[in-house]
Every structure is written in structure tokens, then in C-alpha cells.
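Visitor: So you can see what is in the structure, the chains are spelled out below.
There are 2 protein chains.
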Amino acid sequence: MFVLGIDPGLTRTGYGIIESRGGRESAIAAGVVRTDPQLTTADRLVELRRDIEMLVNDYTIDAAAIEQVFVNRNRNTAMAVARASGVIMEVIAQKGIPIAEYTPSQMKMAVTGSGSADKKQVSAVISMRLGLQGVDGPADVADALGIAMCHAQHHVASTLGAKS
Amino acid sequence: MFVLGIDPGLTRTGYGIIESRGGRESAIAAGVVRTDPQLTTADRLVELRRDIEMLVNDYTIDAAAIEQVFVNRNRNTAMAVARASGVIMEVIAQKGIPIAEYTPSQMKMAVTGSGSADKKQVSAVISMRLGLQGVDGPADVADALGIAMCHAQHHVASTLGAKS
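Read top to bottom, the protein sequences are chains A and B. For the first sequence, counting from 1, position 113 maps to 120 in the numbering used here; every step adds exactly one. For the second sequence, counting from 1, position 92 maps to 99 in the numbering used here; every step adds exactly one.
Incorrect hints may appear among the rest.
Identical copies look the same in the list; a pair holds intra-copy or inter-copy alike.
Said to hold, decoys possible - When the alpha-carbon atoms are kept at most 25 Å apart in a straight line, the in silico DMTMM-like pairs for lysine to aspartate or glutamate are as follows:
1. K127 with D69
2. K126 with E26
3. K102 with E32
4. K126 with D69
5. K102 with E26
6. K126 with E108
7. K102 with D50
8. K102 with D58
9. K127 with E60
10. K126 with E54
11. K126 with E60
Simulated from the structure, these hints should not be mistaken for laboratory data.
The following block holds chain A by itself, in its conformation from the complex:
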């Protein structure tokens, strides 16, 4: 199955597409979608939706997963991330692709076995498991790949559960 993972943001949204087959995972694509900070919030959301729509049209995707927003940090940032995540969830669901949500600690736990692993450890384990030299670009990209791996893992677990 092909899984799209998303680390949402209005300024930067990280994405990662992995293939998970027979317990083996490989990276298909990964990168960052940026919006122009000069634009209004509404116009940035239009840009973001257009870019995610292109991504979903360009690749085969069976399932998607997105990182859950935290309100604890800066109020305005949390609002912007929540708005971006709403737009992303809508455009993915509108294509008929199911989308799940995971907290950062669920992702860390699934990927590294520890919910409190730091960014460097998470990134290192993701690179190793996907057979990459390292994950380029901002942490959003590693997080997005991690979210996709987390979902693939939960999917395998629930499929095995259903069969047993």
C-alpha cells in the first residue's frame, strides 16, 4: 500500500509518500510545500490546497495520515496549523482517500519504540528504516515520513488483528 504522511503548517507543510509491502517500507517521494508569506491567510490556504491536490493527483495513494495539532504552544501558530490541516484533510478526503490522525508521540513510539525520542533520533531511525542516506530538508519532511510509517504500521497491526 502507498501511504501519504503529512506534517501540516501554513508556512511549510512536510509530506512523505512511502510504499509498505510485506513488512518492508520504501520512500517514494518527500518534500515541503511552502506558501507565500506575503499573501493573506485565505490566499495561502488556496495555494496550499492546490499544491496538495497536485500531489494527490500525481501519485497513487491508498491512505493518508496527518500529524495532530497542539494548542499548548503559540495560540496564533496553533490556529494557523489547524486551518492548514483542515484544508489538507478536506482535499484528501474529497479524493476518496481515508485519512487518519496521529499525535507526535504516537509517531515517535511507532517509529523508534519511544514516545519521547528527540528529533535527531527520529530522523536517524526513519533514514535507516527507509534505506536513505539521511532525510534532507527541514524536520517537517522526516516527521511526514514518520507519520506515513506510523500509519502503515497501525494498518498492518489492525489487518493482522482482523485475521486472527
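Start from chain A and add chain B according to the hints.
Guide: Below, chain B alone, put in the same frame as chain A:
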């Protein structure tokens, strides 16, 4: 000018369209868009976007305004409202309609002259100013009409300012 006001929510989104001409305001349409609570959040956002898109296609709208989200209250509710507002802002901006944001107290101040007016007072003043017998339905409808009136008022003020 025709102004669309929005009180956003995932469960219920209030909307109101007013015409403002020569300092006189009249109500064109008002109502509530609901989403099916049985659906996933992502599918509810798809429903919401489709309904707002129909609204924007069906009426002439020159400008839009949306009520700002508060994080102070329930965290999950705030996140759901922020996601809904992101989707609404995107679909309106995508049609080329400019969209402004106002806090509840900015709206109350513009409509009643007091930022701390209660819901009943706000609703009564809105009905009176728009020449309605009363605003039917949940408070979201009155709030949406109030947001539209608030924007029309700010627009007139800024136009006069530019001319003087």
C-alpha cells in the same frame, strides 16, 4: 455591496448575506450549514466546503467576513472550528472574494455600540437594523448577519477615510 458573513463551525456554520447601499442595510439570505456528525472530520469538511461553494455560486457576493476563533474555550472545539474556518476561507478566496476577520467583540461593538452586549441584545439590534421580525434559528445566524454588518460598516468607514 453584497457582504457574506460567516460564523464558522464543524457542526453548524451560520451564514448571512446583506446588501449595504448608501448607509442602508437589508438581509438577502441567512441560514445554517450543518454537517453529518456520523461522518469523519475529513468527510464533514468535504460536506462543508461543498455547501459554502454552492452558497458562493448562488449569490452575488462582493466581500466576505468571518468570525475569529477563540482558543480559550474547549481545546477540541477550538480545533474543529479552526479547521472549518480554514476550509471556508479557502473556498471563498478561491472564488476571488476578499475575506476579512473580526472578533466577536468587534462585531458586537460595530452592531450595538458595546463590545460586551449579550446575545439577546445583539440579535435584537440586528433584527431592528435589517427590518426583520426577528432572527430565526440558532444564534449562529444572528452572529453571521452581525459579522456581515460589521464588515459593511468597516468598509464604509475605510472608504470615507480614503476620500477625506
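Visitor: Run every hint past the structure and note whether it holds.
Guide: Each hint tested on the structure:
1. Proximity of K127 to D69 under the C-alpha cut-off of 25 Å is found in neither arrangement, the shortest distances being 29 Å within a copy and 49 Å between copies.
2. In the homo-oligomer, the alpha carbons of K126 and E26 lie at most 25 Å apart inside one protomer (23 Å), although the nearest pairing across protomers, at 53 Å, exceeds that limit.
3. Taking identical chains as interchangeable, the C-alpha atoms of K102 and E32 lie at most 25 Å apart only when both belong to the same chain, with a minimum of 24 Å there against 40 Å between chains.
4. In the homo-oligomer, the alpha carbons of K126 and D69 never lie at most 25 Å apart, since the shortest distance is 27 Å inside one protomer and 46 Å across protomers.
5. When the C-alpha separation of K102 and E26 is checked against a cutoff of 25 Å, the pair qualifies only within one copy, where the shortest distance is 19 Å, while the shortest distance between copies is 36 Å.
6. Taking the shortest alpha-carbon separations for K126 and E108, only the intra-copy value of 19 Å comes in at or below 25 Å, while the best inter-copy value is 36 Å.
7. Taking the shortest alpha-carbon separations for K102 and D50, both the intra-copy value of 22 Å and the inter-copy value of 10 Å come in at or below 25 Å.
8. Proximity of K102 to D58 under the C-alpha cut-off of 25 Å is found in both arrangements, the shortest distances being 14 Å within a copy and 17 Å between copies.
9. For the homomeric pair K127 and E60, neither the shortest alpha-carbon distance inside one copy (30 Å) nor that between copies (43 Å) is at most 25 Å.
10. Taking CA atoms no more than 25 Å apart as the test, K126 paired with E54 passes in neither setting, with 28 Å inside one copy and 36 Å between copies.
11. Taking identical chains as interchangeable, the C-alpha atoms of K126 and E60 are never at most 25 Å apart, the minima being 28 Å within one chain and 40 Å between chains.
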